[in-house]
Amino acid sequence: MPAPPSGDVTAVVRLKHGEPELQRGAPEGQLASIDLPTYSAQLGYPLMTGAYGQLASETPAPAEMPVAFPKPSTDEGTHLSYSLQWFAFGVLMFVGFGYAARQQARNAAIDAEDQDEPELDGAVHSAVQAARRQPAPPRKRKKATAEEEEDALLDAQGY
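For the sequence shown, the numbering used here assigns the number 106 to the initial residue and increments by one for each residue that follows.
Because the hints were derived from the structure by calculation, they are not lab data.
Among the clues, some could well be false.
Each pair of labels, with its calculated beta carbon distance range [to be verified]: (1) D216 / F192: 34 to 40 angstroms; (2) K121 / F192: 54 to 60 angstroms; (3) Y187 / L160: 36 to 42 angstroms; (4) R211 / Y187: 31 to 37 angstroms; (5) A108 / G195: 21 to 27 angstroms; (6) F174 / V117: 42 to 48 angstroms.
Just so you know, even glycine gets a beta-carbon here, dropped at the ideal spot from N, CA and C.
Please build the complete structure, drawing on both the sequences and the hints.
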């Protein structure tokens, strides 16, 4: 912190209202917000709590200015991956919507074919129509699982 200039100094300030008290802490020697009544209690002497001044200029100018805090980084960093992730979700939404629309159109076409053709006691007219309407049966396992083998051994022993 530079030493203050000697003699009379004229300061031009912009008055601002005090800020509300925040429910979080701040590092040692810093304030989380400019809550004037709380700051006055911390200092131990009275302050004017109606407003505070933000320095606009001072005459004579100090020989050495305080060092300003560095500005925060504005690069994308890890946020770039999140933006790409959400972009992919947006693309997948359109793909999913297209797939759902295609399935809906396909089902509507099958229903229209069913209404156009006369029904013969619930019999299916061709193998193609049967395959279109009935899902394929699940495949059977060729090899027994470890649990099934264990059950077979216990059954053979009479348990």
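The hints, checked one at a time:
1. Checking the proposed 34 to 40 angstroms range against D216 and F192 shows it holds: the Cβ atoms sit about 37 angstroms from each other.
2. The hinted window of 54 to 60 angstroms between K121 and F192 is violated, with their beta carbons roughly 41 angstroms apart.
3. Separated by about 39 angstroms at the C-beta atoms, Y187 and L160 satisfy the suggested range of 36 to 42 angstroms.
4. Against the hinted window of 31 to 37 angstroms, the Cβ-Cβ separation of R211 and Y187 comes to about 36 angstroms, which satisfies the hint.
5. Look at A108 against G195: about 57 angstroms separates their beta carbons, and that is not inside 21 to 27 angstroms.
6. At about 22 angstroms, the CB distance of F174 to V117 disagrees with the hint of 42 to 48 angstroms.
Going down the numbered hints, you'll see the structure goes against 2, 5, 6, while the others check out.
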